[in-house]
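As they're listed, the protein sequences go chains A, B and C. To convert, note that position 237 of the first sequence is 237 in this note's numbering; the numbers rise steadily by one, no gaps. To convert, note that position 2 of the second sequence is 255 in this note's numbering; the numbers rise steadily by one, no gaps. To convert, note that position 196 of the third sequence is 762 in this note's numbering; the numbers rise steadily by one, no gaps.
No lab work stands behind these hints, which were simulated from the structure alone. There may be inaccurate statements among the hints.
[Said to hold, decoys possible] Simulated pairs of lysine to any residue, SDA-like, Cα-Cα distance not exceeding 20 Å:
id, chain 1, residue 1, chain 2, residue 2
1, C, K823, B, A374
2, A, K110, A, E74
3, C, K823, B, R450
4, C, K823, C, C568
5, C, K823, B, A369
6, A, K110, B, A418
7, A, K110, B, V448
8, A, K110, B, N449
9, A, K110, B, Q525
10, A, K240, A, T229
[What the hints assert, rightly or not] Estimated spans, in silico, between C-beta atoms of each pair:
id, chain 1, residue 1, chain 2, residue 2, range
11, C, R647, B, V514, 33 to 43 Å
12, C, I826, B, L540, 24 to 34 Å
13, A, D139, B, R450, 28 to 38 Å
As the structure is a prediction and not an experimental result, all values here were calculated from the model. Even for Gly, the Cβ is constructed at its ideal location relative to N, Cα and C.
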Amino acid sequence: MSVILETNGLSRRFGGLRAVGNVTFALQDGARQALIGPNGAGKTTYINLLTGVVPPSEGRITFLGEDITRLSPEARVRRGIVRTFQINQLFDEMTPLEAVALAVLERDGKARAMWRPLASHHEALDEAAGLLASLGLADAMEVPTAEISYGRRRLLEICVALACRPRLLLLDEPAAGVPEHERNDIMNTVANLPRTVSVLLIEHDMDLVFRFAERIAVLVGGELLVEGTPDEVANDIRVKEAYLGESLDAPAA
Amino acid sequence: MEILFWLLPIPLFFLFGLRLPLLTEIAILALFALSLDLILGYAGIVSLGHAAFFGLGAYTAGLLAVHGWGEPITGLLAAGAVATAAGFVSSFLVLRGSDLTRLMVTLAISMMLLEAANRLAWLTGGADGLYGVTMWPIFGIFEFDLYGHTAYWYSVIVLFISFVALRAIVNSPFGLALRGVKGNPLRMRAIGAPVNRHLVKAFTIGAGFAGIAGGLLAQATQFVSLDVLAFHRSAEALLVLVIGGSGAVYGGILGAAAFRVLQEWLSGITPQYWQFWLGAGLIVLVLFARGGLIGLWRALVRRLHRTRDEEAR
Amino acid sequence: MCRVLTVLLDGIAYGMLLFILACGLSVTLGLMNFVNLAHGAFAMAGGYVTVVLVNGYGVPFLLCLPIAFLVAAAIGLLLERTLYRRLYGANHLDQVLFSIGLVFMAMAGVDYFMGARQQLITLPDFLRGQFHLAEGASIGVYRLFIIVICAVLAVVLQLILSRTRFGSRLRAAVDDGEVARGLGINVGTVFAMTFAVGSGLAGLGGALGIEVLGLDPSFPIRFMIYFLIVVVVGGTSSIAGPFLASLILGIGDVAGKYYIPGFGSFMIYTMMVVILVLRPHGLFATRGTS
Numbered sequence: 001m002s003v004i005l006e007t008n009g010l011s012r013r014f015g016g017l018r019a020v021g022n023v024t025f026a027l028q029d030g031a032r033q034a035l036i037g038p039n040g041a042g043k044t045t046y047i048n049l050l051t052g053v054v055p056p057s058e059g060r061i062t063f064l065g066e067d068i069t070r071l072s073p074e075a076r077v078r079r080g081i082v083r084t085f086q087i088n089q090l091f092d093e094m095t096p097l098e099a100v101a102l103a104v105l106e107r108d109g110k111a112r113a114m115w116r117p118l119a120s121h122h123e124a125l126d127e128a129a130g131l132l133a134s135l136g137l138a139d140a141m142e143v144p145t146a147e148i149s150y151g152r153r154r155l156l157e158i159c160v161a162l163a164c165r166p167r168l169l170l171l172d173e174p175a176a177g178v179p180e181h182e183r184n185d186i187m188n189t190v191a192n193l194p195r196t197v198s199v200l201l202i203e204h205d206m207d208l209v210f211r212f213a214e215r216i217a218v219l220v221g222g223e224l225l226v227e228g229t230p231d232e233v234a235n236d237i238r239v240k241e242a243y244l245g246e247s248l249d250a251p252a253a
Numbered sequence: 254m255e256i257l258f259w260l261l262p263i264p265l266f267f268l269f270g271l272r273l274p275l276l277t278e279i280a281i282l283a284l285f286a287l288s289l290d291l292i293l294g295y296a297g298i299v300s301l302g303h304a305a306f307f308g309l310g311a312y313t314a315g316l317l318a319v320h321g322w323g324e325p326i327t328g329l330l331a332a333g334a335v336a337t338a339a340g341f342v343s344s345f346l347v348l349r350g351s352d353l354t355r356l357m358v359t360l361a362i363s364m365m366l367l368e369a370a371n372r373l374a375w376l377t378g379g380a381d382g383l384y385g386v387t388m389w390p391i392f393g394i395f396e397f398d399l400y401g402h403t404a405y406w407y408s409v410i411v412l413f414i415s416f417v418a419l420r421a422i423v424n425s426p427f428g429l430a431l432r433g434v435k436g437n438p439l440r441m442r443a444i445g446a447p448v449n450r451h452l453v454k455a456f457t458i459g460a461g462f463a464g465i466a467g468g469l470l471a472q473a474t475q476f477v478s479l480d481v482l483a484f485h486r487s488a489e490a491l492l493v494l495v496i497g498g499s500g501a502v503y504g505g506i507l508g509a510a511a512f513r514v515l516q517e518w519l520s521g522i523t524p525q526y527w528q529f530w531l532g533a534g535l536i537v538l539v540l541f542a543r544g545g546l547i548g549l550w551r552a553l554v555r556r557l558h559r560t561r562d563e564e565a566r
Numbered sequence: 567m568c569r570v571l572t573v574l575l576d577g578i579a580y581g582m583l584l585f586i587l588a589c590g591l592s593v594t595l596g597l598m599n600f601v602n603l604a605h606g607a608f609a610m611a612g613g614y615v616t617v618v619l620v621n622g623y624g625v626p627f628l629l630c631l632p633i634a635f636l637v638a639a640a641i642g643l644l645l646e647r648t649l650y651r652r653l654y655g656a657n658h659l660d661q662v663l664f665s666i667g668l669v670f671m672a673m674a675g676v677d678y679f680m681g682a683r684q685q686l687i688t689l690p691d692f693l694r695g696q697f698h699l700a701e702g703a704s705i706g707v708y709r710l711f712i713i714v715i716c717a718v719l720a721v722v723l724q725l726i727l728s729r730t731r732f733g734s735r736l737r738a739a740v741d742d743g744e745v746a747r748g749l750g751i752n753v754g755t756v757f758a759m760t761f762a763v764g765s766g767l768a769g770l771g772g773a774l775g776i777e778v779l780g781l782d783p784s785f786p787i788r789f790m791i792y793f794l795i796v797v798v799v800g801g802t803s804s805i806a807g808p809f810l811a812s813l814i815l816g817i818g819d820v821a822g823k824y825y826i827p828g829f830g831s832f833m834i835y836t837m838m839v840v841i842l843v844l845r846p847h848g849l850f851a852t853r854g855t856s
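Sequences are here, hints too, so could you generate the full structure?
Here is the structure:
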């Protein structure tokens with residue numbers, strides 16, 4: 001397996017505060033990796049560094065062999081680094097079909113087309129419809145986004161990201177706030193993603209982490225504490241200390 | 254329905270033959286409001302100075318005619334071109350910063366142009382206005398007549414063509430992208446959309462159509478005054494969109510008609526002070542009827558559909 | 567050299583006046599994130615109150631100043647409680663439209679009662695004449711008066727914000743309304759008080775400004791752009807920001823009109839553009855907040 005993403009000595013300071021410090025980390029192509037850590041461990045900042053929303057204070061980011069440290073957020077999306085948000089960032093005034101088609105059109109550089117009506121862009125609309133159907137959202141395609149259930153909006157959140165054809169998908173707590181009976185849909189969706197998409201999952205719910213991840217990275221105080229298989233991480237004494245009081249045992253499968 | 258709407262100018266022509274200048278003004282105001290709607294209703298950029306581009310267009314068309322080029326169609330295109338160029342250049346300044354910054358910069362641009370037009374009296378006629386705008390016949394055939402017949406049809410046709418173009422734009426993938434930028438710029442960036450480039454384009458196109466509207470006014474009234482750049486003109490366009498409903502192509506047209514008719518009526522009752530009622534109307538609309546006429550229409554249609562669905566069950 | 571001093575002092579007086587006029591706007595904007603384009607209407611109210619009292623009833627000018635403050639503050643309080651508060655959660659466009667509506671009503675109303683002409687007042691004798699500083703350099707006594715009053719007000723405002731209980735509540739509410747509520751601060755009352763004081767200061771500025779800025783029904787629109795520039799350039803997080811922005815704007819405007827008469831008010835627009843290109847989020851924005 002080859003490395004798809006690599007960060008070398010990546011740091012970010014805000015004023016005197018070090019949010020991410022010297023993180024050196026490599027993600028394998030096709031990985032099912034989780035990134036965990038207590039609140040304030042720097043997970044969000046790390047994601048923002050990867051997507052380019054925040055420039056690093058030091059360090060380097062390499063993606064598919066290319067140094068992307070200085071690339072704009074848009075350019076990174078075009079290279080295949082796509083994220084979802086912990087709090088839904090959807091287009092409330094569009095239908096899911098429009099939202100996903102918009103992502104498809106932007107990906108193909110066709111969103112600047114001005115003279116042909118949207119309705120005649122069949123390839124984009126068909127692709128969007130297909131994606132929505134594959135996530136079980138076929139019946140919600142034309143319903144105003146604001147009227148769909150929360151759990152299905154979480155699925156739409158992922159669907160919009162998939163429409164960008166990611167090579168690396170950054171999932172920020174995809175199941176956050178989702179009621180129990182809809183959780184499975186989301187985890188199945190994530191589990192069924194093709195291996196051509198590498199996944200970095202940020203999650204608090206250890207149940208989900210251990211069910212999904214093949215490797216786990218633990219961020220504490222902005223630094224990478226441990227990186228290894230779920231078993232290694234679960235049995236690591238430092239991780240247990242960091243998560244004082246919280247259970248980190250792998251659930252009996 | 255839509256065909257009927259666009260056939261309306263014909264009966265209006267015969268019904269209100271003596272009020273044609275008013276109808277012409279409505280068409281021009283509607284075009285101006287439509288151009289603002291692209292910027293405001295679709296792209297979500299709040300502008301207090303859209304009159305800058307209207308005025309640029311008006312002076313371009315007016316000055317061309319005064320200095321010996323009275324051909325209307327090319328004059329109008331020139332008005333649009335100048336406003337487009339100005340819109341493109343100023344968009345980079347406008348799009349920096351927050352809503353508040355945008356308010357300030359758009360207002361400042363229009364004030365700056367107003368001041369410039371006032372100072373360059375040798376060119377623009379300053380506060381006296383620009384006289385001597387003489388138009389050649391359209392296509393060399395249709396003379397601009399005293400009754401305003403030609404001006405009326407000319408304005409209605411320009412409005413129609415611009416309307417078709419603007420509607421094509423908002424119904425295109427680009428229009429969808431603009432709604433995306435307005436709805437959730439954070440997510441637009443996260444799907445790799447060139448947000449700023451979209452906004453620059455929308456602002457530039459909106460400015461261009463405002464220029465055409467301004468040029469149309471100069472040609473139809475054969476006069477340009479500093480008024481074309483004044484703040485109240487920008488405010489009027491905003492008001493028209495509030496009345497008609499923004500983010501909806503017919504909103505601008507309905508709003509313009511309602512606004513001008515109301516204005517005529519109110520200034521008939523209290524000349525000079527009709528601005529008071531204008532302000533009061535604005536406040537009431539904002540507090541109680543944010544969808545405008547189009548919003549009311551849609552609510553009505555939705556209700557009709559619902560009752561029909563219920564009957565079908 | 568002496569002329570430079572005169573221009574500088576005139577500019578400072580003008581800038582100080584702008585600060586008193588606009589500081590209320592910057593606080594309401596920072597506090598409630600409310601774009602109140604009608605701020606100038608409160609200033610106009612203060613101005614007209616003074617005109618009516620001085621010219622119609624012979625009330626001494628100095629007594630009119632606190633009255634102008636109180637009347638504008640009362641109008642502000644009334645409107646805040648009845649109308650403004652309904653739009654705190656609304657988007658900026660609605661706030662803009664609403665406040666433009668207020669401006670139009672105020673302008674037409676004033677026009678109806680007072681006419682469209684420029685209003686003049688007769689200043690008391692002791693505020694007239696010139697004060698000689700050095701050989702050839704002089705400043706109008708009235709402008710000196712403005713500088714002193716506004717400087718005192720600026721210091722008082724700064725002290726209120728930094729030293730009093732109300733000030734700390736205000737700052738807490740600006741930083742985070744939710745947290746402030748959690749601390750038991752009645753944010754609604756803080757809003758209303760601040761809005762009233764801001765409107766009152768505008769009214770006071772309007773009264774002080776009759777001699778310097780002129781007063782007619784178009785006042786709110788003529789000065790809207792100045793207020794916006796002060797707020798955008800100075801930011802809303804402190805008193806010092808708008809204060810410095812006002813001074814820069816005042817001195818720049820006076821100097822521009824004096825030294826390059828043909829260029830006129832382009833000076834301030836040019837300054838605004840330059841500042842905006844260099845610092846898109848205002849002169850005093852802290853890095854990283856946008």
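Here's how the hints hold up against the structure:
1. C/K823 - B/A374: 19 Å, holds
2. A/K110 - A/E74: 15 Å, holds
3. C/K823 - B/R450: At roughly 38 Å apart (the allowed maximum being 20 Å), B/R450 and C/K823 break the hint.
4. C/K823 - C/C568: 17 Å, holds
5. C/K823 - B/A369: 15 Å, holds
6. A/K110 - B/A418: Holds, because 19 Å separates the two Cα atoms, which is no more than 20 Å.
7. A/K110 - B/V448: 14 Å, holds
8. A/K110 - B/N449: 16 Å, holds
9. A/K110 - B/Q525: 51 Å, violated
10. A/K240 - A/T229: Distance ~15 Å between A/K240 and A/T229 Cα, so the pair holds.
11. C/R647 - B/V514: 33 to 43 Å: At roughly 35 Å between Cβ atoms, B/V514 and C/R647 fall inside 33 to 43 Å, so the hint holds.
12. C/I826 - B/L540: 24 to 34 Å: 45 Å, violated
13. A/D139 - B/R450: 28 to 38 Å: Holds, since A/D139 and B/R450 (Cβ atoms, about 35 Å apart) stay within the stated range.
In terms of the numbered hints stated before, the structure departs from hints 3, 9, 12, listed from lowest to highest.
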